[in-house]
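A.B. asks: Take a look at the letters that make up each chain.
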Amino acid sequence: MTLAVALGCVAGQLVIACLAVAANRLRLVSHFVYAACLLVSVIGLGCGLAGLLAGATPAPVITLPLGLPWIGAHFRLDTLSAFFLAVVNFGAAGASLFALGYGRHEEQPERVLPFYAAFLAGMNLVVLANDAFTFLVAWEFMSLSSCALVMAHHRDPENVKAGYIYLVMASIGTLALLLAFGALAGANGGYAFDAIRAASPPAGIAALVFCLALFGAGSKAGLVPLHIWLPLAHPAAPSHVSALMSGVMTKVAVYGFVRIAFDLLGPPAWWWSMVVLAIGGATAVMGILYATLQRDLKKLLAYSTVENIGVVFAGLGLALAFKASNMPAEAALAGTAALFHVFNHATFKSLLFFGAGAVLNATGERNIEKLGGLIHRMPHTALAVLIGCVAISALPPLNGFVSEWLTFQAILLSPELPQWGLKFTVPAVGALLALSTALAAACFVRAFGVTFLGRPRSPVAERAHEVDRFSLAAMFILAALCLLAGILPGIVIDGLAPVVQTLVGARMPAQISSPWLSIVPVLESRSSYNGLLVFVFALLTASLAAYAIHRVASNALRRGPSWDCGYPDATPVTQYSADSFAQPIRRVLGAVVFRASEYVEMPPPVDPRPARFTVRLQDLIYDGLYAPVALGVMAAAERLNALQFLTIRQYLSLVFFALVSLLTVLALWP
Amino acid sequence: MAVILDLAVQGAQMLLVLLLAPLLTGLTRKVRARILSRRGPPLLQPYRDLIRLLRKEAVLAENASWLFRVIPYIVFATTWVAAALVPTFATGLIFSWSADMIAIIAFLATARFFLALAGLDVGTSFGGIGSSREVMIASLAEPAMLMTVFTLALIAGSTQLSTVAAYMGGGAVGLRVSLGLALIALIMVAIAENARIPVDNPATHLELTMVHEAMVLEYSARHLALIELAASLKLLLYVSLIACVFVPWGLAPPGAGWSAYALGAAAYLAKLAAGGILLTVFETSIAKMRVFRVPQFLGAALMLGLLATLLRFVSGGL
Chain P
1 MTLAVALGCV
11 AGQLVIACLA
21 VAANRLRLVS
31 HFVYAACLLV
41 SVIGLGCGLA
51 GLLAGATPAP
61 VITLPLGLPW
71 IGAHFRLDTL
81 SAFFLAVVNF
91 GAAGASLFAL
101 GYGRHEEQPE
111 RVLPFYAAFL
121 AGMNLVVLAN
131 DAFTFLVAWE
141 FMSLSSCALV
151 MAHHRDPENV
161 KAGYIYLVMA
171 SIGTLALLLA
181 FGALAGANGG
191 YAFDAIRAAS
201 PPAGIAALVF
211 CLALFGAGSK
221 AGLVPLHIWL
231 PLAHPAAPSH
241 VSALMSGVMT
251 KVAVYGFVRI
261 AFDLLGPPAW
271 WWSMVVLAIG
281 GATAVMGILY
291 ATLQRDLKKL
301 LAYSTVENIG
311 VVFAGLGLAL
321 AFKASNMPAE
331 AALAGTAALF
341 HVFNHATFKS
351 LLFFGAGAVL
361 NATGERNIEK
371 LGGLIHRMPH
381 TALAVLIGCV
391 AISALPPLNG
401 FVSEWLTFQA
411 ILLSPELPQW
421 GLKFTVPAVG
431 ALLALSTALA
441 AACFVRAFGV
451 TFLGRPRSPV
461 AERAHEVDRF
471 SLAAMFILAA
481 LCLLAGILPG
491 IVIDGLAPVV
501 QTLVGARMPA
511 QISSPWLSIV
521 PVLESRSSYN
531 GLLVFVFALL
541 TASLAAYAIH
551 RVASNALRRG
561 PSWDCGYPDA
571 TPVTQYSADS
581 FAQPIRRVLG
591 AVVFRASEYV
601 EMPPPVDPRP
611 ARFTVRLQDL
621 IYDGLYAPVA
631 LGVMAAAERL
641 NALQFLTIRQ
651 YLSLVFFALV
661 SLLTVLALWP
Chain G
1001 MAVILDLAVQ
1011 GAQMLLVLLL
1021 APLLTGLTRK
1031 VRARILSRRG
1041 PPLLQPYRDL
1051 IRLLRKEAVL
1061 AENASWLFRV
1071 IPYIVFATTW
1081 VAAALVPTFA
1091 TGLIFSWSAD
1101 MIAIIAFLAT
1111 ARFFLALAGL
1121 DVGTSFGGIG
1131 SSREVMIASL
1141 AEPAMLMTVF
1151 TLALIAGSTQ
1161 LSTVAAYMGG
1171 GAVGLRVSLG
1181 LALIALIMVA
1191 IAENARIPVD
1201 NPATHLELTM
1211 VHEAMVLEYS
1221 ARHLALIELA
1231 ASLKLLLYVS
1241 LIACVFVPWG
1251 LAPPGAGWSA
1261 YALGAAAYLA
1271 KLAAGGILLT
1281 VFETSIAKMR
1291 VFRVPQFLGA
1301 ALMLGLLATL
1311 LRFVSGGL
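Chains P and G, in that order, are what the protein sequence lines are. My numbering numbers the first residue of the first sequence as 1 and each following residue consecutively. My numbering numbers the first residue of the second sequence as 1001 and each following residue consecutively.
Worth flagging that the hints you see were computed from the coordinates, not collected in a lab. Just so it is clear, the structure is predicted and the values come from calculations on it, not from any experiment. Treat the hints with caution; some may be incorrect.
Computed beta-carbon distance windows for the label pairs [claimed, not checked]:
no.: 1; chain 1: P; residue 1: Val573; chain 2: G; residue 2: Gly1316; range: 28 to 38 Å
no.: 2; chain 1: G; residue 1: Gly1316; chain 2: P; residue 2: Leu544; range: 40 to 50 Å
no.: 3; chain 1: P; residue 1: Asp468; chain 2: G; residue 2: Leu1007; range: 42 to 52 Å
no.: 4; chain 1: G; residue 1: Ala1008; chain 2: P; residue 2: Pro58; range: 50 to 60 Å
no.: 5; chain 1: G; residue 1: Ala1008; chain 2: P; residue 2: His550; range: 47 to 57 Å
Heads up, the beta-carbon is just placed ideally off N, CA and C, and yes, glycines get one too.
Generate the whole structure from the sequences, applying the supplied hints.
C.D. replies: The following block contains the structure:
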């Protein structure tokens, strides 16, 4: 029943997409499309939650006579699918609500609306698919529809470049997944997931499939070094779509990886986890370092997505390690941490992209060097974005901290792992995660402080206005969820228990029964955290202090010019800019990672030229990995170009030789 | 009845840290002055300063936002809650399980996050310089601190500070290499986090060398009082933390009688005094570093912490 409703939702989204094409001349079409998407997503969210609550009962299965005739299209809603279905539709509902207000300002709605609904349908189909063919078709559908959304504002050459790189990377990723499923299906071509699950591949094939899955899903999720398309493509789309791509589509990629590595492949080998852990840790630190140096608000958020994906993959790597060593309770803790972070990131990253959209809407500016002081003119947006920034910096009492805390607790259980490789990798990854958490706080102090605090740095920032009610409602609902999941994490953990049960065969102890609603991962004497209590405690302390001071001591207040050590400071230009704020971190960490170098050009006193300061950053990943590949492809294309100018005889002989060599291979094949 | 008693003990600890914090600051100032052959302000001067500040009229910069006025209360509340969760005279208080070591560090990080925002709010260059340097210092100090916590947690098998303190006091620990490394890293982090020499100078009035003071430059009156009090509480927190883990003697076990509590309190006072004096002697014996030397100092702390954690991963005996 739930599965049928979920598939109905997908069909509904496809119908909406078609209607949007047909009705693109109507004035209210964008209201209609977003309202309908909101409704459908809420129903889908209900399906996901119902599937989660149904828990261990046999998962509903539906086979439709679509796709390849001898396979059909299989769909299944087990707890893993249900969780990701809930995340997808939750993000989609938030984005649709936001877009009810935000989408009004779209100049060419016909370039966004059909693809928006189709994109939602694609993501829903990926998590519901139960055979390789449907999965890949849905995956590619999702990639192409989102690519169309990236190119929505195609007059901007930056966006065209972003769309092109995205298309190339998405194709390579899908190719890897195609090969992975091909190897999984084996010679008999059992493409249904049930058949794949029943057959256990030999160790060599399993390792190959694992690497391909990590490559394919990882490129979609934005793992370093496959992340280069993400900070280009995510910001290029309209903001509510950016929120979907960053908050939700990367989660669908995580789903793809989890489905293959935890479910279809059977028991993992321990070294897989080492690879995932190392890549996860490196991704976390690299992502946030890039983010800290960005000026473009949406690009900054996209790089921070890379960081969060690294945290999720580090948790998944730990879960794989524990699973391989047959430690189900520990694996359950690590898996819960990773999935909790999936949920958290979907919440606060959507919220922050909405905030960036609101700022873009109010000022037309994405460059934070031109913003400032928006807290005075957009107080509600500022509050919601502040909550998102605190949450994403993993600070208590909000939700980001809980998943970070659970990950650290899982790391502290890992000295029990017997493999020496992991004994060295896990503490190093722990240090990388700790570093990325601290840098995330620095990054978001900068992002919020430069955008919303201080004095306006440009006339557009001075004239900003608060956004509409739909956008505010979407932001505040997400902000409230950040707080709720942070102070009542036990409910989320218990909700994740059936998912973790299917992944690793064990679950965390039930949290709802622990006293005072605290969370206890293993034993109370070992570790526990009570978000609610500390939140109430801090709130009470702060209000008591405020009350007592205003009552007993003094509540007199006077406004005056700023002190600033007595320096007269007339223009906002003298404020700290985003670049100067990041300068210490750029010098300390960027000198190694980005080969950052600074040049000061100071003309002599009589020379009227202005002094210049330039910073050069080098993206070593792009220069070292992508540039040589691109050069190689270009060189090969140059050579092969000659093949386009042959005579008909030469072409015929080429065809003949190709045929002969293929036949020879077939004849020699054992 | 027992619950009320437990709550009373917890409340006593909260009040104790709040009341003692300015005294510790006063002690460090006094000792520093004596070492420099000055007479120095009286021990109780920080209390007088706080009261005087609280009574004054607050002056806000013209474009300070509502956030600027709220932040002192947030910073004070989070720091106070964190400081009240560190065992001072007894372990296993009624709320001690509500936040473990990782959460306590994260609470301090919350306070710092907001304080750094306050530095940016008025839109002056000094506020920005303070915030920017503070987050740079924090982005290295926090991982170093977490690595230290990892080491302690792996030795004691728990991240609960009460359990760790009880385990350390139990005598089953002995001398360990990893513990020594963790202690050094923790002290280095404590110096950086509390804006002490050689990382920052709490008494400086030279604008370009300030970090913490530059951030709070625009605050006055009651807001400044709360932030000063929070800074004192943070110093007290770090001294209590080092004391309860590395010199856990005298800590009263859970449910002990009044005499044990009194003994614990006396031991705590002695530890605080010793900690304050040692810190000041160290401070006066070295010079302040350039700002861009600080990352090397903290990088060393991070490496020590990582090394200690690695040792624990590799061998249970080290």
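A.B. asks: Looking only at beta-carbon atoms, does the pair alanine 1008 (chain G), histidine 550 (chain P) fall within the given range of 47 to 57 Å?
C.D. replies: At roughly 28 Å between Cβ atoms, histidine 550 (chain P) and alanine 1008 (chain G) fall outside 47 to 57 Å, so the hint is violated.
A.B. asks: Taking the Cβ atom of valine 573 (chain P) and the Cβ atom of glycine 1316 (chain G), is their distance within the range 28 to 38 Å?
C.D. replies: Because 58 Å falls outside the window, the suggested range is violated.
A.B. asks: That 40 to 50 Å hint for glycine 1316 (chain G) and leucine 544 (chain P) (C-beta), does it hold up?
C.D. replies: 46 Å, holds
A.B. asks: Looking only at beta-carbon atoms, does the pair alanine 1008 (chain G), proline 58 (chain P) fall within the given range of 50 to 60 Å?
C.D. replies: 55 Å, holds
A.B. asks: Please check whether aspartate 468 (chain P) and leucine 1007 (chain G) have a Cβ separation lying inside 42 to 52 Å.
C.D. replies: 48 Å, holds
Hint compliance for this structure: hints 1, 5 are not met, and every other hint is.
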